[in-house]
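S.K.: Here are the chains, one letter per residue:
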Amino acid sequence: MKALVALAVLLAVMAISACFGSSNISLSDIFAYVSGVNKSSLKESTITILGEIRFPRIIMSALVGGSLASIGAIMQGIFKNPMADPSVLGISSGSALGATIAIVIGVGSTAGIVGLTGTYLGAIIGALVTWLLVWFLARANSGKDLNSTLLSGIAIGSIMSALITVLMTLNMKNMEQVYMWILGTFSNSTLSKTQIMLFVSIPLVLFIILLSPQIDVLKLGDEAAVTLGVNPKRLTGVILSLCSILLAFCVANSGIIGFVGLIIPHCVSFLKVYKMRQKVIMSILMGMIFLVVCDLIARTITAPSEMAIGAITSLIGAPYFLIMIWKEGLVGKMKR
Amino acid sequence: MNITINNLTVKAGSSMILCDVSHEFENGKLHCVIGPNGSGKTTLVKEIVKSFSRKESIAFVPQETFGNFVLQVRDVIALGRYDSTRFLYGESQQDKDRIEDAAKRMAISHLLPRLYDSLSGGEKQAVMIARALAQDANWLIMDEPCAHLDVKSSQKALSNLQDIIAQDNSKSCIVVLHDINMALQYASSIVLMSEGKILAAGKPNEAITNESLSEAYDSHFERIEGYSGRAFFIPT
Chain U
15 MKALVALAVL LAVMAISACF GSSNISLSDI FAYVSGVNKS SLKESTITIL
65 GEIRFPRIIM SALVGGSLAS IGAIMQGIFK NPMADPSVLG ISSGSALGAT
115 IAIVIGVGST AGIVGLTGTY LGAIIGALVT WLLVWFLARA NSGKDLNSTL
165 LSGIAIGSIM SALITVLMTL NMKNMEQVYM WILGTFSNST LSKTQIMLFV
215 SIPLVLFIIL LSPQIDVLKL GDEAAVTLGV NPKRLTGVIL SLCSILLAFC
265 VANSGIIGFV GLIIPHCVSF LKVYKMRQKV IMSILMGMIF LVVCDLIART
315 ITAPSEMAIG AITSLIGAPY FLIMIWKEGL VGKMKR
Chain Y
146 MNITINNLTV KAGSSMILCD VSHEFENGKL HCVIGPNGSG KTTLVKEIVK
196 SFSRKESIAF VPQETFGNFV LQVRDVIALG RYDSTRFLYG ESQQDKDRIE
246 DAAKRMAISH LLPRLYDSLS GGEKQAVMIA RALAQDANWL IMDEPCAHLD
296 VKSSQKALSN LQDIIAQDNS KSCIVVLHDI NMALQYASSI VLMSEGKILA
346 AGKPNEAITN ESLSEAYDSH FERIEGYSGR AFFIPT
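From first to last, the protein sequence lines stand for chains U and Y.
Its first residue numbered 15, the first sequence is counted upward by one per residue in the working numbering.
Its first residue numbered 146, the second sequence is counted upward by one per residue in the working numbering.
So here's chain U without its partners, still in its complex pose (with noise of 0.2 Å):
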């Protein structure tokens, strides 16, 4: 039921986003186009407009929120602790290392495989070279602790940053486009990425639905867990690989957005959601819809240039979230 509703809420944003931008399209003409009843009717410019700009970076958004708060939600379950985010990992800092080592190299801007530029192959790739350094290494430590996965991710995501600030000190010329890009944007979607973020992260989202029941086992322990057929390590190791990939293509789309993993689960824990399954359906559909209104206001708030959405996710989200902590006397209900 609360699903159907934010569903619903979803739709609605979806589509007033579209109707607002550089020029205004009415919310019949919207109607219009997705229904495709009287489409002929509409202007050329708008089917362009709507299917080749507004759309794929509505979808885009909605796309990256929905990983990005499900993410969250999975990742504040496996290390039961209620600061965990995507970015704990290290995979986001990694992420924009290689984009910025694309960026600072010169083939940020190059046409590589399937047009996709250099700076999103290099964000790709850096984000999946961390994540294996960060298994590699937690995976020497015997795989004993799941904190040391978490720190090793810390740590690595410090060096990661490090370097980072390194290359752009050292390369002044290209500074604004790789701060640009660590702020967090969609302004770079385009209709065949966007269509690349479709096919890649609906069955990623999907297989981490179908195997979050089990997350909640592993809370009873691991000697449990393994009784009630859930292998600790093995989920672990599968769930974050999974996560870490969809990261990965959700870094390389929008650049570094934060605080949606962190207080969307949250947030759904607020609407008394607390089974893992819901909890990360609800998160992705509520991520949906705070990223598209984030985007929305990101880009009409100081037309025609354009905010940092992350700016906006942490002003929106966390006077909200601050509100509800407030209300709720979280502290209690923080607890994993």
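Worth double-checking, as some hints may not be accurate.
Stated by the list, open to error - Okay, the calculated bits of chain U under chain Y, using three or more residues with CB under 8 Å as the criterion:
1. 213 to 223
2. 238 to 249
As the list claims (entries may be wrong) - In silico SDA-like links for lysine to any residue, alpha-carbon gap of 20 Å or less:
3. U:Lys16 - Y:Asp220
4. U:Lys94 - Y:Phe214
5. Y:Lys249 - Y:Lys301
6. Y:Lys241 - Y:Gln217
7. U:Lys94 - Y:Leu264
Keep in mind the hints are simulated off the structure, nothing from the lab.
Only a predicted model underlies this, so the values are computations on that prediction, with no experimental measurement involved.
The beta carbon of each residue, even a glycine, is placed where N, CA and C say it ideally should be.
With chain U held as given, fit chain Y onto it using these hints.
M.R.: Chain Y alone, transformed into the frame defined by chain U:
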């Protein structure tokens, strides 16, 4: 099916946790494992749990899982049915019956809608025991299930285990306890451990004597007989 342990040795660094332990836990009995702190009780039951392959059904309540996590009590107990609801996560009528029956057995039906993290330590423990009961496994292995329970709840937990074994001879339990007299009252077989070894094992009144207890706990015990003829041991 009996559980057999042969020459089990477990080391942590240079210290011996379990030293060449062999024992056969017979099917259809309530086994209690007692012994002083650090005698290897928890390691023993964890090793038993690990040695089981998945097909032989076993439910385990560890010592410390009573951390705070937010989930409705009913859903916590339902985790015990996870195996059969794995893919679609839909509960069958049998699952529902098992969950309700387990809650009833532990007298926590009134807690079902509450959130797990809002419960007291003892209530949480009762929920964890109910979760294991809902699993309907052939072997129920519990590490200090009575640690946070009051006297009445402890009795309820142990007499439930007795009932389960009495009703179905394919069921068996291994329970780690600290209360010697409670072990005497409920166990059909006792394993007394000390310093990583099994000091005495067998029927309660054979395994538990002044001598074996004194050796295990390095303290003197007095045996007192109640009017009913039941024996109690108290440290002196």
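S.K.: Taking the earlier hints as the rules, which of them does this structure contradict?
M.R.: Hint 1 alone not satisfied by this model.
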